[in-house]
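Colleague: Chains as they are written, first to last, in my numbering: chain B, 3 to 157; chain Y, 2 to 305.
Since the hints were derived computationally from the structure, they do not count as laboratory data. Just so you know, not all the hints are guaranteed correct.
Among chain Y residues calculated to face chain B with C-beta under 8 Å, some are [unchecked claim]: (1) Val-166; (2) Ala-173; (3) Val-179; (4) Ser-180; (5) Glu-181; (6) Arg-198; (7) Val-199; (8) Cys-200; (9) Asp-201; (10) Val-236; (11) Ala-238; (12) Gln-239; (13) Val-243.
Bear in mind that the values here come from a model prediction, so they are computed numbers and not experimental data. Yeah, the Cβ is synthetic: ideal placement off N, Cα and C, and Gly gets one too.
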Amino acid sequence: MDVDKDGSPSPIEFRLDPGSGVPTYLQLVQQVEQALRLGYLRQGDQLPRVKDVVAGLAINPNTVLKAYRELEHRGLVAGRRGIGTFVEGTLDRVGLREQTALHKSMLAWMRTASEAGLDEDGMAALFTAALHDLRQGRDGRTDEGDGGGRTGVVA
Amino acid sequence: MSAGVAIETAGLGKRYGRTWALRDCSLAIPGGHVVGLVGPNGAGKTTLLSLAVGLATPTTGQVRVAGGMPAGSAAALDAVAFVAQEAALYRNLSVADMVRVGRSLNRRWDTGRVQARLAELGIPLKKKVGALSGGQRSQVALTLALAKRPELLILDEPLAALDPVARHDFMAALMAAVSEDGVSVVFSSHVVAELERVCDYVVVVHDGRIQVSGEVEELVAGHHVLTGPAEQADVVAQRFPVVRDRRAFAQAHLLVRAADPSAAPPGWQRQSVGLEELVLAYMREPSASVLPGPKSAPGEQVAC
């Protein structure tokens, strides 16, 4: 049974990654946030209707409701009774050109890392560690210089 | 229709000859859920469902369904729909005739809905039921079951005979019905991997007894895997109920029932578990059975 694509009022469509280990509702939350960042979703746009999501992905409707409640809690969407859920807030959007540039520089970094003998898991671990430092730096603790010490853990 | 219980049993037992297919079963499954009933073959899943539908009568105890009606009573038959294993339909009848049979056998019946659904699914009314694909046949059975607008829909192994695509489509249709009608669903399955996306409540049956019953979210939040040095494993095992115990000479992984395992010794790592891992662990370890928080009938001791 295919969902009638023309009937969907939303500009986006969800997909699930069963192997990701991320809970289903959180995958939906992240995809909405991602769509906001990338500009697929704008203020006033409608999120996919619960029954469409459920019929498309074969998931429990409560999971979708939970995701939408979480998005509401984060101030990004608002439910309108009997009509649907709509985008209210915005996330900082990164332009397509900036993204391409960032992608490129990341790729260059990965090549360097690969030449230095780091495998994929090692890169991912390093990235996660750096992300952690960035977050801590943002929280006021400036220990970004600490990042070098973490490589020992990775290797 | 989330008010009240979907299925409530007290001291329920069913004996066939000398064998107890189900014993001392006390359950209170709240309405408004999609409930997965799992357990090995012969555990008593089908017996429990047959008792709830009213197709079998209990040897001991009682079953109430859809907000407290005795299973099998006229009122319960109106409120409960059942899809039997392999979508048991008359294979020699055409789809249209099968619909007519359903209409004459039920007091509540929404013909318009049946026609709309079958048209949407592209299932030809003239075709014989036996000539449909397995996926189509299961969709016809689901359509007929939903035609009476039940409060509780019970399905016995609905996925067993279906290929992966038909499975997905069937579950999608079922979940759409849940979101549109608010129908409570209880289905048995041994496809544990598919429960996680669909179920928000799970019941594990083993050897005729209820082993686990609870909301998925609570179950998952209430269990952790603790990993640490094997020589400390006994200490950890004394602090928490252990569901699964895996040890090598240096390292141990203990799946414990604890919402906040912070009492584990320093250096132990904790990880959350998924529903599949959790259910499999319980199924493998029937002796370690713990019953995480079913809101049982007062005075009723449910732990095995």
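Colleague: Against each hint, give a clear statement of whether it holds in the structure.
Modeller: Quick rundown of the hints versus the structure:
1. Val-166: Where the cut-off is 8 Å and the nearest Cβ of chain B is about 11 Å from Val-166(Y), the hint is violated.
2. Ala-173: Holds: closest Cβ of chain B sits about 4 Å from Ala-173(Y), inside 8 Å.
3. Val-179: 5 Å, holds
4. Ser-180: 4 Å, holds
5. Glu-181: Result: holds, 6 Å to nearest chain B Cβ.
6. Arg-198: 5 Å, holds
7. Val-199: 5 Å, holds
8. Cys-200: 7 Å, holds
9. Asp-201: Holds, about 5 Å.
10. Val-236: 27 Å, violated
11. Ala-238: At about 26 Å, which exceeds the 8 Å cut-off, the nearest Cβ of chain B leaves the hint on Ala-238(Y) violated.
12. Gln-239: 30 Å, violated
13. Val-243: Where the cut-off is 8 Å and the nearest Cβ of chain B is about 23 Å from Val-243(Y), the hint is violated.
Violation of the numbered hints given earlier is confined to hints 1, 10, 11, 12, 13; the remaining hints are satisfied by the structure.
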